[in-house]
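Enquirer: As given, the protein sequences belong to chains B and Z, one line each in that order. First residue of the first sequence? That's 4 in my numbering, and the numbers climb one at a time after it. First residue of the second sequence? That's 4 in my numbering, and the numbers climb one at a time after it.
Please note that the accuracy of each hint is not assured.
Since the list gives no way to pick one copy over another, a pair counts as held whenever it fits inside one copy or between any two copies.
[As the list claims (entries may be wrong)] The list that follows gives simulated cross-link-like pairs (lysine-lysine, DSS-like), each with its CA atoms no further than 30 angstroms apart:
#1 LYS100 x LYS131
#2 LYS220 x LYS47
#3 LYS345 x LYS292
#4 LYS292 x LYS162
#5 LYS345 x LYS298
#6 LYS100 x LYS209
#7 LYS345 x LYS100
#8 LYS152 x LYS200
#9 LYS209 x LYS152
#10 LYS200 x LYS259
#11 LYS152 x LYS298
#12 LYS242 x LYS169
#13 LYS162 x LYS215
#14 LYS163 x LYS259
#15 LYS267 x LYS162
#16 LYS169 x LYS215
#17 LYS215 x LYS259
#18 LYS209 x LYS267
#19 LYS215 x LYS37
#20 LYS37 x LYS169
#21 LYS292 x LYS204
#22 LYS163 x LYS200
#23 LYS298 x LYS42
#24 LYS152 x LYS292
Don't read these hints as lab results, they were simulated from the structure.
Number of protein chains: 2
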Amino acid sequence: MKWKLLSSLVVVMLAAGVVWGKDSVMSQAQATFKPVPVKPPVLKNNPATPGKVALGRMLFFEPRLSASYLISCNTCHNVGLGGVDIQETSTGHGWQKGPRNAPTVLNSVYNLAQFWDGRAEDLAAQAKGPVQASVEMHNTPTQVVETLKSIPGYLPLFKKAFPRDKDPITFDNMAAAIEVFEATLITPDSRFDRFLKGNPKALSAKEHEGLKLFLAKGCSVCHSGVNIGGTGYFTFGVKESPAADVRPAEDLGRFKVTNTAADKYVFKSPSLRNIELTPPYFHSGKVWKLSDAVKIMGTAQIGITINDDEIGKIVAFLLTLNGTQPNVVYPIMPPNSNSTPKPAL
Amino acid sequence: MKWKLLSSLVVVMLAAGVVWGKDSVMSQAQATFKPVPVKPPVLKNNPATPGKVALGRMLFFEPRLSASYLISCNTCHNVGLGGVDIQETSTGHGWQKGPRNAPTVLNSVYNLAQFWDGRAEDLAAQAKGPVQASVEMHNTPTQVVETLKSIPGYLPLFKKAFPRDKDPITFDNMAAAIEVFEATLITPDSRFDRFLKGNPKALSAKEHEGLKLFLAKGCSVCHSGVNIGGTGYFTFGVKESPAADVRPAEDLGRFKVTNTAADKYVFKSPSLRNIELTPPYFHSGKVWKLSDAVKIMGTAQIGITINDDEIGKIVAFLLTLNGTQPNVVYPIMPPNSNSTPKPAL
Chain B
4 MKWKLLSSLV
14 VVMLAAGVVW
24 GKDSVMSQAQ
34 ATFKPVPVKP
44 PVLKNNPATP
54 GKVALGRMLF
64 FEPRLSASYL
74 ISCNTCHNVG
84 LGGVDIQETS
94 TGHGWQKGPR
104 NAPTVLNSVY
114 NLAQFWDGRA
124 EDLAAQAKGP
134 VQASVEMHNT
144 PTQVVETLKS
154 IPGYLPLFKK
164 AFPRDKDPIT
174 FDNMAAAIEV
184 FEATLITPDS
194 RFDRFLKGNP
204 KALSAKEHEG
214 LKLFLAKGCS
224 VCHSGVNIGG
234 TGYFTFGVKE
244 SPAADVRPAE
254 DLGRFKVTNT
264 AADKYVFKSP
274 SLRNIELTPP
284 YFHSGKVWKL
294 SDAVKIMGTA
304 QIGITINDDE
314 IGKIVAFLLT
324 LNGTQPNVVY
334 PIMPPNSNST
344 PKPAL
Chain Z
4 MKWKLLSSLV
14 VVMLAAGVVW
24 GKDSVMSQAQ
34 ATFKPVPVKP
44 PVLKNNPATP
54 GKVALGRMLF
64 FEPRLSASYL
74 ISCNTCHNVG
84 LGGVDIQETS
94 TGHGWQKGPR
104 NAPTVLNSVY
114 NLAQFWDGRA
124 EDLAAQAKGP
134 VQASVEMHNT
144 PTQVVETLKS
154 IPGYLPLFKK
164 AFPRDKDPIT
174 FDNMAAAIEV
184 FEATLITPDS
194 RFDRFLKGNP
204 KALSAKEHEG
214 LKLFLAKGCS
224 VCHSGVNIGG
234 TGYFTFGVKE
244 SPAADVRPAE
254 DLGRFKVTNT
264 AADKYVFKSP
274 SLRNIELTPP
284 YFHSGKVWKL
294 SDAVKIMGTA
304 QIGITINDDE
314 IGKIVAFLLT
324 LNGTQPNVVY
334 PIMPPNSNST
344 PKPAL
């Protein structure tokens, strides 16, 4: 009788786990993921000041960083559209198509490195890329600096942001200012983060099951940490090569950065934060439905078929990753002078 | 003695006019121009509500109104760049060049009609133009409505903005919402407006001389009212035809709207508000320097040569027309659904 009571009690306790304390899924999730912090991180060697963030915000929206005056950082990393452009691959100077899907700028400060292949170590290094890419902003550092110096209103803003520099308008300082602004583009307080912080009611039963599947199937091997991704490099197609349109043969991924055979078709695992907002998916941008992306991940990465019921639950979980989107006041940019170069089309 | 005293007093009174009361230039200016109001005007048949303004702001920045998902109203009417794109003529779908320079959206609600040729009677009619223009957003009303209806987050926003409509997501309602938002994009409190409101110290001596010249030379015949322009239609080249690049022969202006011979090369006089922010100038966008634009206006419209000293003063006056630029929070736009059409490039 005593044993029977005790064992019944244990059964009841286990069954009631979700209600009266931490369930094991929550514990596992807390060991695997971290909520997006409420405040932006402090950047090594690039401390944020209000002046630097304000300048970075202005430069992020500044189309005069591009040769045409038509393309700003925000063109492809639209802060009102989940930090992306909803294009398969981005469209740049002369309506050229870029080679890869634009990764979101939101929470990108938490990635181990930038770009799909991780070739930029931080957001400052990243910011210099598209400005110079011939298929993106099609500009040169010399021309960017000349343009910024020709706009009288920029000098006091750069001086305020970089008070120790005698000649503060430089390509490096442009990138540093953009980096501190981009570091503010974080999306805390998703429903999943409330769950991670201990509120079991933050997820519905279906979403909770989706999370459980996400952990059990092994998705979280590549998608973990603050960004639920962005923590390492993985072969796309480790178990089975995806279709040729989804993983185009000619894009060898990180191989181009490291020149190491093992890095062929290796990419940084993308963050799954706000994933609902950022179609289409994968570096090729060829997959528009999140459910299709989950299915492909099952076969290509884990070597399993995730059935439709499971996919529905995993997608339900993924939709809980939308955080509070950034509140950005559109900057008023200073006017040209007569010496400002004309746009080159 | 008595008469001498009196006449001296009159001389002193006249000379001191600027200091102790209204000068005649101020009186003339007040009869010719009006300050930009602090609050947006109430629109006939399209009352503003917070919900409608918020929806309009979102749609103004919504690139999914374009076939490519790359071009929003703000692309060519950048609220951070004086409401323009700093291009000679705008660049649109497929990197095509449009036929005319993009007029500023700022204070455009105070123009008698919209577009350089006045073919749209109001901002709602205007907003429908670029969405459908093949060289601009390259879209169709049907496709726009289909796209907006496929984005689930838009329905509650349209319902809130148009509570009496059973099926509120329409092309007309899109345009009406954009109109009420654009009507908020006004720039009060320029230094010239402070002068107009009675503060003689708001202008420097040079700027005051520029204003006097602006009135005396006849510039204010076409550039008057709240917008210092935008009040009527005038032949560009009434006294002397401008150079062929500045007034291209093939653009007959308002003739295309009215089919009346007298309307050949007739255009709406543009607003000179925030003129420093909106180069290049004229409907062709071929003139980058404000001083050159003033010179051309002298020969083409008034039949006089304005000398460099006078041009310097008139330009100094024109630079006092920069008002307080709009404070716009970047909208967070709702995500696609699986039924949202893909961008067409």
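Enquirer: Each hint needs a verdict: does it hold in this structure or not?
Expert: Hint by hint, here is what the structure shows:
no., hint, in the structure
1, LYS100 x LYS131, "both (19 angstroms within a copy, 28 angstroms between copies)"
2, LYS220 x LYS47, "neither (36 angstroms within a copy, 60 angstroms between copies)"
3, LYS345 x LYS292, "between (42 angstroms within a copy, 11 angstroms between copies)"
4, LYS292 x LYS162, "between (46 angstroms within a copy, 27 angstroms between copies)"
5, LYS345 x LYS298, "between (49 angstroms within a copy, 21 angstroms between copies)"
6, LYS100 x LYS209, "neither (39 angstroms within a copy, 51 angstroms between copies)"
7, LYS345 x LYS100, "both (24 angstroms within a copy, 15 angstroms between copies)"
8, LYS152 x LYS200, "neither (47 angstroms within a copy, 36 angstroms between copies)"
9, LYS209 x LYS152, "between (56 angstroms within a copy, 27 angstroms between copies)"
10, LYS200 x LYS259, "neither (40 angstroms within a copy, 65 angstroms between copies)"
11, LYS152 x LYS298, "between (51 angstroms within a copy, 27 angstroms between copies)"
12, LYS242 x LYS169, "neither (55 angstroms within a copy, 51 angstroms between copies)"
13, LYS162 x LYS215, "neither (51 angstroms within a copy, 38 angstroms between copies)"
14, LYS163 x LYS259, "neither (39 angstroms within a copy, 51 angstroms between copies)"
15, LYS267 x LYS162, "neither (44 angstroms within a copy, 51 angstroms between copies)"
16, LYS169 x LYS215, "neither (56 angstroms within a copy, 42 angstroms between copies)"
17, LYS215 x LYS259, "neither (36 angstroms within a copy, 66 angstroms between copies)"
18, LYS209 x LYS267, "neither (37 angstroms within a copy, 68 angstroms between copies)"
19, LYS215 x LYS37, "within (16 angstroms within a copy, 66 angstroms between copies)"
20, LYS37 x LYS169, "neither (41 angstroms within a copy, 44 angstroms between copies)"
21, LYS292 x LYS204, "within (27 angstroms within a copy, 62 angstroms between copies)"
22, LYS163 x LYS200, "neither (38 angstroms within a copy, 34 angstroms between copies)"
23, LYS298 x LYS42, "neither (34 angstroms within a copy, 54 angstroms between copies)"
24, LYS152 x LYS292, "between (45 angstroms within a copy, 18 angstroms between copies)"
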